[in-house]
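Sequences are here, hints too, so could you generate the full structure?
Protein chains: 2
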Amino acid sequence: MLSEGVKRIDHVAVVVRDLDTALHFYRDMLGITPSHVLDFPQEGVRIAFLPLGGTNGSEIELLEPVNPEGSVARFLEQRGGGLHHICLEVPDIDRALAELRAAGAQVLDAAPRPTAEGRGIFLHPKGTGGVLLELVQRTEAQ
Amino acid sequence: MLSEGVKRIDHVAVVVRDLDTALHFYRDMLGITPSHVLDFPQEGVRIAFLPLGGTNGSEIELLEPVNPEGSVARFLEQRGGGLHHICLEVPDIDRALAELRAAGAQVLDAAPRPTAEGRGIFLHPKGTGGVLLELVQRTEAQ
Chain D
1 MLSEGVKRID HVAVVVRDLD TALHFYRDML GITPSHVLDF PQEGVRIAFL
51 PLGGTNGSEI ELLEPVNPEG SVARFLEQRG GGLHHICLEV PDIDRALAEL
101 RAAGAQVLDA APRPTAEGRG IFLHPKGTGG VLLELVQRTE AQ
Chain F
1001 MLSEGVKRID HVAVVVRDLD TALHFYRDML GITPSHVLDF PQEGVRIAFL
1051 PLGGTNGSEI ELLEPVNPEG SVARFLEQRG GGLHHICLEV PDIDRALAEL
1101 RAAGAQVLDA APRPTAEGRG IFLHPKGTGG VLLELVQRTE AQ
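Protein sequence lines, in the order shown, are assigned to chains D and F. FYI, our numbering numbers position 40 of the first sequence as 40, with every residue one higher than the one before it. FYI, our numbering numbers position 118 of the second sequence as 1118, with every residue one higher than the one before it.
A short, non-exhaustive set of chain F residues, derived as facing chain D with CB atoms under 8 angstroms: (1) L1002; (2) V1006; (3) V1014; (4) G1031; (5) I1032; (6) L1052; (7) G1080; (8) G1130.
Computed footprint of chain D on chain F, listed as stretches where at least three residues anywhere in the stretch have a Cβ under 8 angstroms from a Cβ of chain D: (9) 1022–1029; (10) 1053–1064; (11) 1095–1109; (12) 1117–1129.
For the record, the hints were derived by calculation from the structure and aren't laboratory data. The beta-carbon is built from N, C-alpha and C at its ideal position, and this holds for glycine as well.
In structure tokens form, the structure reads like this:
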């Protein structure tokens, strides 16, 4: 088991074909103010961050694929967009990775990867009830 | 636009074939303590609530279909389980419904329905970037 537990839902990621169209709904209809928009070429996406709930709250992240060879572009083509993954924040990602491996969890990363929030690992949906699940340790500055 | 805005992500719902198997991962591997398990026959499901983040935090809800005729059972058969919907908390669901209808949003409910948390409405994925989106007003007791 994770000895330090899970702090919160960090974000829920939604793949969309077009950020502007999606923002028309989330920003202009629901009234959620994006904190920023970020190009994240490592994953082939542009991300709009929609924070909710203040401290200890969670974000909706809208992902628009910008690299047609990336996994998010494939997801969009195959499924037409929608919910992509849930990310949970943990205090120490190296420790979480070691403990999950020891417990036999199906971790997709051999080592934490750089993410838009800090350093993260992904768990295969087979072991999580069908959900692509990310764990992240946020970097200090974020 | 929603004049009172969105308070937070209330919960993220995940459809699973078997609650006990899913809890083995979320409770026993990740260390998230379920607050309670509820039978909710109105939607044909049994729900395990996994609160995270404390006040203003968000929950993961694990939904196991118990009625083979229900929409959650159909989702499980068609997709094999996984992420089902995101729910956002609003202060006043009747007002939110009226404002969304006036703005031309694709609301699936003519009036708020009783949910496991209070009173809610669902929005069609076509208008939300591919996500089945629920808005809920929590009842006082919850």
